[in-house]
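Asks: As you go down the protein sequences, you meet chains D, R, H and X in turn. Take the first sequence: its position 389, counting from 1, is numbered 389 in full-length UniProt numbering, and each next residue is one higher. Take the second sequence: its position 125, counting from 1, is numbered 125 in full-length UniProt numbering, and each next residue is one higher. Take the third sequence: its position 285, counting from 1, is numbered 285 in full-length UniProt numbering, and each next residue is one higher. Take the fourth sequence: its position 114, counting from 1, is numbered 114 in full-length UniProt numbering, and each next residue is one higher.
Hints are not guaranteed to be accurate.
Here are some, though not all, of the chain X residues that point toward chain H, as calculated from beta-carbon distances under 10 angstroms [what the hints assert, rightly or not]:
no. : residue
1   : Glu-24
2   : Arg-69
3   : Ile-70
4   : Gln-72
5   : Thr-130
6   : Val-132
7   : Phe-134
8   : Phe-143
9   : Ile-146
10  : Glu-335
11  : Arg-338
12  : Gln-345
13  : Asp-346
14  : Phe-348
15  : Pro-357
16  : Lys-410
Simulated from the structure, these hints should not be mistaken for laboratory data. For glycine and all other residues, C-beta sits at the position ideal for the given N, C-alpha and C.
Number of protein chains: 4
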Amino acid sequence: MQYEDRVDALVAPKGSLEMLSQDEIFRLSEESGPLHDLFHRCSLAILNCGSDSDDPQAVMEEFKDFEIRIVQQERGVKLQLKNAPGSAFVDGKMISSVREMLFSVLRDIIFTQHEILARGLENASSDKLTNVVFELLRNANVFRRIQNPDMIVCWGGHSIARHEYDYTKRVGHELGLRELNICTGCGPGAMKGPMKGAAIAHAKQRMKNGVYLGLTEPGIIAAESPNPIVNQLVIMPDIEKRLEAFVRVGHGIVVFPGGAGTAEEILYILGILLHPKNAGVPFPLVFSGPKESAEYFEQIHAFIGEVLGSEAQNKYRIIIEDEVEVARAMKQGMEEVRQYRKAHQDAFYYNWKLHIPEEFQYPFEPTHEKVRELNLHFNQETHLLAADLRRAFSSIVAGNVKAQGVAYIKEFGPFEIHGDKALLAKLDALLQAFVRQQRMKLPGSAYVPCYKVITD
Amino acid sequence: MQYEDRVDALVAPKGSLEMLSQDEIFRLSEESGPLHDLFHRCSLAILNCGSDSDDPQAVMEEFKDFEIRIVQQERGVKLQLKNAPGSAFVDGKMISSVREMLFSVLRDIIFTQHEILARGLENASSDKLTNVVFELLRNANVFRRIQNPDMIVCWGGHSIARHEYDYTKRVGHELGLRELNICTGCGPGAMKGPMKGAAIAHAKQRMKNGVYLGLTEPGIIAAESPNPIVNQLVIMPDIEKRLEAFVRVGHGIVVFPGGAGTAEEILYILGILLHPKNAGVPFPLVFSGPKESAEYFEQIHAFIGEVLGSEAQNKYRIIIEDEVEVARAMKQGMEEVRQYRKAHQDAFYYNWKLHIPEEFQYPFEPTHEKVRELNLHFNQETHLLAADLRRAFSSIVAGNVKAQGVAYIKEFGPFEIHGDKALLAKLDALLQAFVRQQRMKLPGSAYVPCYKVITD
Amino acid sequence: MQYEDRVDALVAPKGSLEMLSQDEIFRLSEESGPLHDLFHRCSLAILNCGSDSDDPQAVMEEFKDFEIRIVQQERGVKLQLKNAPGSAFVDGKMISSVREMLFSVLRDIIFTQHEILARGLENASSDKLTNVVFELLRNANVFRRIQNPDMIVCWGGHSIARHEYDYTKRVGHELGLRELNICTGCGPGAMKGPMKGAAIAHAKQRMKNGVYLGLTEPGIIAAESPNPIVNQLVIMPDIEKRLEAFVRVGHGIVVFPGGAGTAEEILYILGILLHPKNAGVPFPLVFSGPKESAEYFEQIHAFIGEVLGSEAQNKYRIIIEDEVEVARAMKQGMEEVRQYRKAHQDAFYYNWKLHIPEEFQYPFEPTHEKVRELNLHFNQETHLLAADLRRAFSSIVAGNVKAQGVAYIKEFGPFEIHGDKALLAKLDALLQAFVRQQRMKLPGSAYVPCYKVITD
Amino acid sequence: MQYEDRVDALVAPKGSLEMLSQDEIFRLSEESGPLHDLFHRCSLAILNCGSDSDDPQAVMEEFKDFEIRIVQQERGVKLQLKNAPGSAFVDGKMISSVREMLFSVLRDIIFTQHEILARGLENASSDKLTNVVFELLRNANVFRRIQNPDMIVCWGGHSIARHEYDYTKRVGHELGLRELNICTGCGPGAMKGPMKGAAIAHAKQRMKNGVYLGLTEPGIIAAESPNPIVNQLVIMPDIEKRLEAFVRVGHGIVVFPGGAGTAEEILYILGILLHPKNAGVPFPLVFSGPKESAEYFEQIHAFIGEVLGSEAQNKYRIIIEDEVEVARAMKQGMEEVRQYRKAHQDAFYYNWKLHIPEEFQYPFEPTHEKVRELNLHFNQETHLLAADLRRAFSSIVAGNVKAQGVAYIKEFGPFEIHGDKALLAKLDALLQAFVRQQRMKLPGSAYVPCYKVITD
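Here chain D stands alone, though its shape is the one from the complex (with noise of 0.2 angstroms):
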């Protein structure tokens, strides 16, 4: 038996009550206007959350004749659905995650376009987007009053083996089981294990208010549908405040195997935690992997090595097949952080103290001529080695499954890469390393890359 391709709906918000002024709806409504095409866009992506497709182009054809409109009704708001995904929907009523992710969608739109349109920040301070970023999060009651740190952020690949799909799960269970809660991506893989995990542990524990929350961005949300675990989803406006949210809303990061855009977090984490000003600020991060993976974290931890020093490699902790000691180790972290907090009267539910230099803050766009000039030499901090590193590697999540990235390429070829010879070497075998593991992107066509290596 067979779900129903397609669905017409009209769809009342559920939890969350969303209601609009009539501003709002109007902006909202111009049926050409930019702000309903993001509206149409990331409402697809959610509905479309049964698909295992990350070709957002692919997706985008599929379901063109997909219409989402605003009705104002007595009691509040509601969407008008036309030829919706019928992945969304059980025996025609669309299931209740996805109808709250869709009205997190339309807050998320509304008050990104009031703060960041209504403000320009384009010459905004470090400290201003700081503020931006809380003001998102505040909004979108991401923020909750905690007697303990508890936040435990999860990255890795979208496309990942099934051995290491059921380790992040196990790993999830086990911080269930320890009340822990999870932030991840939002998308199949690694950002979907460790939720069921913990959904399964949650339930053991009676938790009835674990939180599940999912992080992304209008570029990436098409290649990576929200999961339907996910309880709360936020539509950060940028690839660079998305990570700046992770690590301020996070407590401590666990990192399971993936490819380039794991490759991106794992850069801009370490490239944050090795600023002067953040030595003393604890924070928990983990990699680990099924006992099979354990020399995929082999290379990643010799080329952390070689490209950014031991210094670097001492801020992370690597477990292979230790799905409880993983969950010790972060749960035991907590207890540092909520240590170091209270210290310091520094929120619990946003790390403020956390100093995230500007190189990691401004958005970067990866066009050609940009990722031409990235500066990928040994003579420089640290640091900012580390933020070109990670603009290299979000080049490459861009020119695999972002729409625009994936346009690029289509028109210009691949992005090249530039800098020093030894390094780029490195970099390189990595690379090719994910290729080969089949990291790139979900598995059924051979990967062509989007990008060239260009030693000086």
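Go by the hints and put chains R, H and X onto chain D.
Replies: Frame of chain D; chains R, H and X shown alone:
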């Protein structure tokens, strides 16, 4: 046994999670900035909830050593108080409702500052202002997803006789038994009685989520401290937005006996309902009091008839000494409002369809010059005459109990109200009756009028 | 406008899910069975909550066409009512608290029948009876997992003066502000005032789970209809188990002015506290009233001193016209109770440690013969004298307001109270004072004593 | 890293407030009393939730130093554990679901003892037994006020293949997406899979009150430890009351592949549905498994046809490898049940209308003598044959995994099943298939049959 006069305390929010950005804390913390002054003033008014004074100057004087400061802590923001009025505490611990209100003030001041200062509303259109009122109320979580309109606004004097006060309690009790909620201006007298009666009735009906909504503004809060039953408090930025909030968020209005402020409110709602665009909009409006107040309403009724005509008289119903009938009329009115909103797909929680002419929206600051310019003649559209009469009464309220108005009167003598002879004669007679009945100020001293009526 | 006199209705339970077995429905449905009679009688008392009568016979007469029947339906059991008193309804819909109470009666009658009839308690040990009281209260969900003892029993007359009633409200308000809960015998007067005051105070403290516990029994419920603020109602099977419930579930007692019933309660608690086994058990006990009632307490105090001695006088404190002090004394007492229970590992929710002598547990049915046999002489242990004095007052209550007692008096004339001359003289003086002060019956008619004092 | 083997702990109840009388504590505390033994045994089974053994003797042996004791404390009763199995704990803290279940055991043992021992059920009528089952379930808070029947009983083996287990999860997921709840016998295998699938689906549907009801009995609990997802656990006093509970509290049944226990359940429900009095009662019944299990159901289907006839075959539907269709069939069946109950004013929460013949209600204790006496011949009413076939399978379950049955077999050799030759041939063939498919016991050792088939 006596309560202590002054208490020092560190208080945390309860219920609503107030999590401030460092930006916001900084702005409110500047010791002599305008935001800090506003926050200090409103906080004192709330803490002074046990007081019977309507003299803001005296209150400021009495508690001139009161201090309030924001402190960032692990689980959120706290407030540090010094020399706070003892009536807000029980055995050294702040009463929860007072605590909630303090954080409501914080919320509204921050939001207003963001919205108003950031955007500039000087030349805003009528629609824009309506959207601003909406956003302020939404931010204060006033909107609820309800099955049926249920919010009854109760207007009436802060200075009323004991038998009038008891009657407002009885009306509130009957409204509460019918599971209706109460919204008032949140001071003593007719603003407290209905809430008290409804609170007992809601307990009998096992309604745990009864709403006692208080709408105030910085100018009036000091003279009319919110009574502690109020469980939703909103500080609107000015009197006009407060009035707009009343008529857009309320589904019906009961007017009890009162003085100049009540007259202002009556002229406001009649002026709006008389506008041709609102001809078909149902708006349950009842004037009610105990049998001893029958004459009072006869005077008002006659004044309305003579000044605004019988069409205005048709907009309301007068019910004397019959609390059950008042409640039934309102309950019945709710059903009509429901039908209308459904038919017009208008929200239950905000009356978008009601047209409010600009004359009732633009802030009117009563200076001697502005008062002199009021156009109190018959030869104009009725709703415009109502608008200027509303402003005349508003000026008298300011001169009676608002800090700024009292200061003006002290410096420049009484306001001079010019206008048509016949009209002013009626106005003067009404005002003199208010004075005789001690409705202008809380009893205790002889009332010195803050106005002079000067016929052309 | 008037409420309707009689209402027919089909009502479903709300909150507590009453799901009955077919056995139970059958037993309660037998039209003329003793259980159905009991249920009919108690239901009528509850529905008659708006009445001011304390004459059960008159109530039965007035509503002799009232009928109640149990109906099984898909979602549980409903009650079919015919000719129910209109005061239990608002515009044809039953007040929720009344509805809850009806189902409480159902619950208690079914459980009592199961437990009492099934087991037979005729020759039960003291321990057994204490366990039965426990099980009845547990079945009624009276027990709560609390952090601190907080249940204040308020005793006092159903027929008291207005200023006394207002004082009980003020005391209740101060108790409620300290987050203490209230337990009374659930009729009017001193049983209603404290709950009303506490309900408003709990609203101010945002306590949504304030408890207003009413303990009654089939004999008294008709004369003292539960007031609608009561949100937990328990029908104990007889007066002795009701009294035991008061002192085991309450953590402290405030006694307001009252008549014979109040005197019975005072002798009950003093008799128990005077027992040597209870020497070390802390039990906060305060007698309090407005300044006008000072003399009343002087009389009581003198009577206790003369009859039971100064040791008895040391068991309580008298506080006149100081509601804040009463509340502080109770709050302070709660802390002592807490320390004691912790030290002795006794439950917070049930005072297992208090020894109640059998004399206070066995049901005493006041017949002319039994009253004549009371041993009212000084030459016995104090707590035994207290026990028989308690029974003497209990008989007077029965003769005044209980259906069975009133019938006895009508048939056989007044009860004859025999005993020591000096003792009886003091008793008679006290009783005459109660008559003069109109504390025996609700005012309205001349009081005809139901007793004669006959000295040996 | 390993969990600890043994843990000592003092645990408090969570959620359900267990407040025991001193009587009850005393009775459960007598070290060698039968109640304490029962409590000890059931508690161990629950604590041993991480185990994969179905050998109760081995479990008792392994944890022979385990102790459990009731302790009275201020806020209620606690349990003192010594040498409890480590798998019930996470880092020394008991998993909440295990904690809840321990107190469920306590509740049920106390209540059963009160009801069963106190009343004596030896010669109870069929109606009486149905009322007892009702009261046990009511006391366990199983009944809910629901809008629509929604409780799907899932039967099937505790020892099933991986692909069968995965299929039960998929069926549970589809049931959960349709907001249906799950009831099973609460062990591993087919009793765990559907709950796990439903738990994830309920999370997606934001159902916070999903019910995972486990019904067990003292004889089976040791072999089939409740899985920790169970959030309502009831210990019925014997297997017949457990079976009655399944069919009265469930609204439909899905049968997955299983062994003798599953066959017992199939014969139980068919025997009842075949009774003429139940002709019109709708009872959705589906047999389902993955495609690899198609043959298994063909065998069962053939056996039913040959032994009970085609009428019996009409009572169920077989669905292979189509979880969506199973869920839709159940959802559709719920609507039929709803219509029927409404039309007959029968409760949603308890199927009073279903007639259960005494043969299926009276406890059958499988001794060698009783097994020999079973009447397995064709010349009798179909439902009576079903009843004795049910008992035959029940005996085999006892001989396989229940402590008492295993002991009998050890002492006296296999049970001897007598009967009609043709009938027994079919039975034997079925049983041998179960053995071959490893459905009798968890894999690991060779299965030694506990029965012999002896034809007349």
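Asks: A separate judgement is required for each hint: does it hold in the structure or not?
Replies: These are the hints, each one checked on the structure:
1. With a least beta-carbon distance of about 8 angstroms to chain H, the hint placing Glu-24(X) at the interface is held under the 10 angstroms criterion.
2. Annotation: interface hint on Arg-69(X) violated; nearest CB of chain H at approximately 14 angstroms, more than 10 angstroms.
3. Below 10 angstroms, beta-carbon pairs count as interface contacts, and Ile-70(X) has none with chain H, the closest being about 12 angstroms; its hint is therefore violated.
4. Hint on Gln-72(X) holds. Least Cβ distance to chain H is approximately 6 angstroms, under the 10 angstroms limit.
5. A distance limit of 10 angstroms between C-beta atoms decides the matter here; for Thr-130(X) the minimum to chain H is near 8 angstroms, and the interface restraint holds.
6. Residue-level restraint check for Val-132(X) holds (minimum Cβ-Cβ distance to chain H is 9 angstroms; threshold 10 angstroms).
7. Here the hint on Phe-134(X) is kept, as its CB sits about 5 angstroms from the closest CB of chain H, short of 10 angstroms.
8. At a threshold of 10 angstroms, the smallest CB-CB gap from Phe-143(X) to chain H is about 5 angstroms, leaving the interface hint in force.
9. With its C-beta approaching chain H no nearer than about 7 angstroms, Ile-146(X) sits inside the 10 angstroms limit, and its interface hint holds.
10. The interface hint given for Glu-335(X) is violated, since its Cβ lies 13 angstroms from the closest Cβ of chain H, which is over the 10 angstroms cut-off.
11. Checking Arg-338(X) against chain H by beta carbon gives a least distance of about 8 angstroms; that is within 10 angstroms, so the hint holds.
12. Checking Gln-345(X) against chain H by beta carbon gives a least distance of about 6 angstroms; that is within 10 angstroms, so the hint holds.
13. The beta carbon of Asp-346(X) is positioned within 10 angstroms of a beta carbon in chain H (closest approach about 7 angstroms), and the interface hint is therefore held.
14. Evaluation of the Phe-348(X) hint against chain H yields a held restraint, the C-beta minimum of about 5 angstroms falling below 10 angstroms.
15. Annotation: interface hint on Pro-357(X) violated; nearest CB of chain H at approximately 18 angstroms, more than 10 angstroms.
16. Among the interface hints, the one on Lys-410(X) is violated; its C-beta lies about 41 angstroms from the nearest C-beta in chain H, farther than the 10 angstroms criterion.
Hint violations for this structure: numbers 2, 3, 10, 15 and 16, all remaining hints satisfied.
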